[in-house]
Amino acid sequence: MPLRILVVDDSVVARGLIQEFAECFGHQIVAEAATLPEAVAAYQSHRPDLVTLDLSLAEGDGLAVLKALRRLEPKARILVISGNVQQAVHEKVQEAGAAGFLSKPFTLSDLGRALTRFSQG
Amino acid sequence: MILSDTVQQHLRRLMRTGMDSGLARLANISGAPWQAGELSIRQGPAEGLRLPQAAGPQHCGAIFTMPGGVFLATFPEASAAAVAGAFFKGFSKRPDAWKGKGPDAVAEIANIVLNPVVNLLGDAALMIIFLSPPEVRQGEMNLLDEEAFGKLLLREDGQAVRADIQIASAELRASGAISMLLNSALAGLLAESLGA
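Protein chains in written order, with the numbering used here: chain F, 1 to 121; chain W, 1001 to 1196.
Honestly, the hints are just simulated from the structure, not real lab data.
Do not take every clue at face value.
Claimed, not checked - Restraint ranges, calculated between C-beta atoms of paired labels, are given here:
1) F:94 / W:1009: 32 to 40 Å
2) W:1166 / F:12: 23 to 31 Å
3) F:41 / W:1090: 29 to 37 Å
4) F:4 / W:1094: 20 to 28 Å
Note that the Cβ used here is the ideal one computed from N, Cα and C, for glycine as well.
Generate the whole structure from the sequences, applying the supplied hints.
So this is what it looks like as structure tokens:
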């Protein structure tokens, strides 16, 4: 099943690559956001099947976005995509309810595998 | 003196380990091997740690802040173009569609490369560190350096620690530099953790 995806990342390059990769697998990017307020507004407007979330954002770190989205919709499915691989961060992200973690840099097949998991479940 | 010789040795080892991981990521991103040069650590009044004023070639830089510290990643313009070009060629099916996004790509790449260093620093200081999003800059090296120092929130003592490492890829004919600036508070935290 194709996913409707919200991409939250401060980097225009990362957002573009995620879009390009996701579309290769037949998924659709319904919105992009670079800050916490943008992410919350986009989530409310589009109710996506999946959110991909970077942890470094200009206004409010990714962890704050993760918590805000899960408050908004406890069943929100959020795939954290970050270059930060600090163990304590992973634990916080899991505690906050992330559905998965993909570390940067990622390849087309890395993202494809992750998205397939969500589209099947 | 903020960091003792022993702590500096530990910090050097930690940064080396982090940079090795970072450069492995950079090799993956750029499709070419990268090597790191000597790591230098200097400390003292922040004013004395800045690069001297001197005209030089244009660089593309990305500045990242964290509580008590700043990272600056710089590439000479030709190197930045080579790294960004290799990244788009290796990762995107439409490398030509990214015209004008070279500096943004360099910033994203720098973020990915620096994170292993930041993660190790965070683990050592027993704190979670999120790097800020990069601020992309273009200009002469000493101006980028000055801006990075301007973002370092110094304590009253005005002391800072500066670590620099040069990186290069012969295959890509590219080079760059990573600088880390710490104020005395973060340096003190690291000293406590690493000096034991």
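Are any of the numbered hints broken by this structure? If so, which, sorted upward? none
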